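Enquirer: Construct the entire structure; sequences and hints are all you get.
Order-wise, the sequence lines are chains A, B and C.
Read in order, the letters of the first sequence correspond to residues 1 to 506 in my numbering.
Read in order, the letters of the second sequence correspond to residues 1001 to 1326 in my numbering.
Read in order, the letters of the third sequence correspond to residues 2001 to 2102 in my numbering.
Among the hints, erroneous ones may be present.
Quick list of simulated restraints, FRET-style, between CB atoms [said to hold, decoys possible]:
| hint | chain 1 | residue 1 | chain 2 | residue 2 | range |
| --- | --- | --- | --- | --- | --- |
| 1 | B | Val1092 | A | Pro375 | 45 to 55 Å |
| 2 | B | Pro1108 | A | Val57 | 27 to 37 Å |
| 3 | A | Thr54 | B | Phe1267 | 23 to 33 Å |
| 4 | A | Ser108 | B | Arg1241 | 21 to 31 Å |
| 5 | A | Tyr438 | B | Gly1097 | 52 to 62 Å |
| 6 | C | Thr2042 | A | Val57 | 36 to 46 Å |
Rather than coming from a laboratory, the hints here were simulated on the basis of the structure.
In this text the structure is predicted, and so the values were computed from the model without any measurement.
For each residue, glycine too, the CB sits at the ideal point set by N, CA and C.
So you can see what is in the structure, the chains are spelled out below.
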Amino acid sequence: MLEQHLATLPILLPLIAAPITLLLGRSLFLWIFATAISALACYFSWQLLAAALTESVLSYAVGGWPAPWGIELRVDAANAFVLLAVSALSTLVLIYSKDSIEKEIDSSKHTLYYTAHLLCLAGLSGILLTGDAFNLFVFLEISSLATYTLVSLGSDRRCLTAAFRYLVMGTIGATFILIGVGMLYMNTGTLNMLDLANRIDIYESNRTINTGLAFIMVGVSIKLALFPLHMWLPAAYTHAPSAVTAFLASTATKVAFYVMIRFIFTIFGWNYVFEEMGMDLILMVLAIVAIFKCSYMATVQSNVKTVLAYSSVAQIGYMILGVSLVSVTGLMSGLIHIFNHALMKGALFMAVGAVFYRVGSVDINAFKGLGKQMPLTMAAFTIAGLSIIGVPLTVGFVSKWYLVTAALEQQHWVVAALVLAGSLLAVVYIGRVIEAAYFQKPPASRDSNQVKEAPWLMLAPMWALVLANIYFGIDTSLTTEAARSASEWLFQTSAIAAASSVEVSQ
Amino acid sequence: MGDLIDLVLLAMLAITALQMIFLKDLFAVVMLFGIYSFLSALIFINLDAVDVAFTEASVGAGISTVLMLGTLALTGRKEKKSSHSSILPLLVVCITGAALIYGTLDMPPFGHPNNPIHEHVAPRYIEESPKEIGLPNMVTSVLASYRGFDTLGETVVVFAALIGVLALLGVRRQEENDVPESGFKAHHVLHVVARFFIPLIILFALYVQFHGDFGPGGGFQAGVIAAAAFILYTLVFGLSRAFAVVGPKFLQALASIGVLLYASVGFFSMYKGGQFLDYSKLATDPIVGQHYGIIIIELGVGITVFAVMLSIFYAFGSQAERSNIQ
Amino acid sequence: MMTGFYIVISANNLVKKIVGLNVFQTSVFMLYISMGKVNGGTAPILVEGVTTYSNPLPHVLILTAIVVGVATTSVGLALIIRIKRAYGTVEENEFENQDDAI
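Expert: Right, dumping it as structure tokens:
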């Protein structure tokens, strides 16, 4: 029976677990319950990925109504792959959060933290799996509301203004997506993504559909924190509790990136978006500006969480750059980077959270001398940092390798050179922190007895991610295979949809 | 005639919205927003969307306005002069507006029966749903059955809002000693009128809840109306008496139970061998099954919406009291 | 629609921003509902003798969207109350003087 309903389980488990956690009240059991649910969701998404790789597409009609009338869940290699990354990260962050939120969140709000986290996970899984454009909007709002809540749980009062700005921007983004979806619906009469794709191509160069595309792109870009619309992200990531930042940085923007891919490839078709609308050029320019502007911003910040937040915006630039190259390898590098960036940013933010747990500050001065006092945490930070830079034997190298290969395939020498130059900026901002940790003496004011290694419940998930960084950096077969089949599949379906619609219109 | 009414309403809508930009008195802005919502509801009726109009009137003009007023009571009603320039926002807005107008150029003609949306998916809802589901109100059929997953998501959104508000404001514990006198204790007229109205409002909510299959209405509207009854009670008799009637903890439990009730229908249909939320499997006759399913999930929605709206109001209300004490 | 959007971006007061957000969203609802209308149709509730009904699907979508809107509004307002308590103001330009918020 479970096999049959596999596609619904990663959404439904956290969805029903959230109200149950509210009923359970405050206890240790709550933490175990939430983690177990997340781990189960992770297990099922692993099975989904396995099923998607063998059968290519799984479709599940919710309510027993066939596709254009009812809501359909569609699982393919692309979304199963991202789902696995999201649910795995969620599980690790939940393990990590037991000690971390002790320190950062008032104990009366722990129940609400776990509830909001599970809601967020349910929303993100829903966005990934649904095959219906409006259903996507609903799940987007579930995850967004949960995210605003999580950000506002921070201990600093600035988290409130950060959350408010995030709320306003996020709602504008969601409303833009709603307008866009409305325009598509108006001309096609359907909300199912596959059905939309088949019916859109009949209306080549329809101005309403073009506008719909523009609205959806802008809306998704806000959620994605693509360069000029990223202003909400650094503040939100800086002031949210560390566990929340680790979760959001490694999942939320990735899911938005996936939504963009879904709209470009499945609904509109890549030749329409890129060749007729010229989106690839716009995206490429924005991506390159994002990489340099935000990497530069990262080098001048003094709060390490802000440094990493700007670095996230820059990394999103790399993903978009991969897509804008319009090739299987380019898209594949984007997809791999979703997974890999989740691994490295998760580890980095967890390390920073561990520092906050012991030292009580995340200013770069607080990192001085920590190399000796918190050796395991700083070693984790260093390895994950090397991965961001793109040093061989780490996952960061794999992403960059495919990105550069994709650029060279298309004869974009300049782009390839710029990618490498962007890595140099990463050397600077990661290097500053590492330099402070290993080559400077701890400030005299700090009591060296108090600052010791983080608790093992924080170290374990952190090192799990670090080891994954190295493992997937050496044995790339799993990630590249999944990402390659996903991106080939996306290009194929895009082409098939275009071909079939030509037949219809004739 | 209908067009004329539409035009007049639209013009009023535009005037209301423009007025909001220039007014600095926030109390007036919020009131204008209430009017704006109400005008929209009227337009929705004119466009045949009775269910939507009902919701907009109760949620937009009702609950949202109440919450905004509650916030204003805490933050002050004057907007100060803005110092930064308004050229950039104006530019962004103009570009977006131009994009929208550009988008309308190829829009299908208004109200034409051969538009794509009337030809593709919707005909099945209109022609088959009375046979497949057995309800005259097609909006309820589509909402609860064909797109039941959306509605589950929506219930969870409401639940998520509760989590957000609780995390931000929390609800003050019941401490009998320091609860100040609130409500309108001295107004006997209000007391009598409220006592008379509250049962009627609740009765109306129940009618809306269970009549949603046949006429406009359903879980959302009923939940909001029932919450309105208790909000009236709270306003007149004070928070502490309202807490004694329906406690905040109980409401939180109720909100969770509503979501779980909805989801459990889905799981039960899975257990019966159908897909998630396939109500046809709930009884031997699919139409009877659909009927059971819709009644139960509407009840779940109603419970959650009622509990969440009232909890949110409690949270805002206890904030106001706290600031009064200080 | 654009008025609401303008209020969101330009308003200095946070409550006004939320009002603007609501106006913006309500206008989008109007866009959806207007496309559901069929000339000569009636509300989509089965009545004997009537064959033309307006399209129920946009109505369903907007019912959902209205509820989503009020959920966002309530969280936004709750945030404003907390901001007022933490900073003592809800005017955007007054934050810039105190630390680097908004």
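Enquirer: Please go over all the hints and tell whether each is borne out by the structure.
Expert: Against the structure, the hints come out as follows:
Distance hint check: the CB atoms of B:Val1092 and A:Pro375 are about 50 Å apart, consistent with the given range 45 to 55 Å. The hint said 27 to 37 Å for the Cβ distance between B:Pro1108 and A:Val57, and at roughly 32 Å that hint holds. Here the CB-CB span from A:Thr54 to B:Phe1267 is close to 27 Å, well matched to the stated 23 to 33 Å. Our hint of 21 to 31 Å for A:Ser108 and B:Arg1241 holds, since their Cβ atoms are close to 25 Å apart.
The beta-carbon spacing between A:Tyr438 and B:Gly1097, approximately 55 Å, falls within the hinted interval of 52 to 62 Å. Between C:Thr2042 and A:Val57, the C-beta spacing of about 41 Å keeps the proposed range 36 to 46 Å intact.
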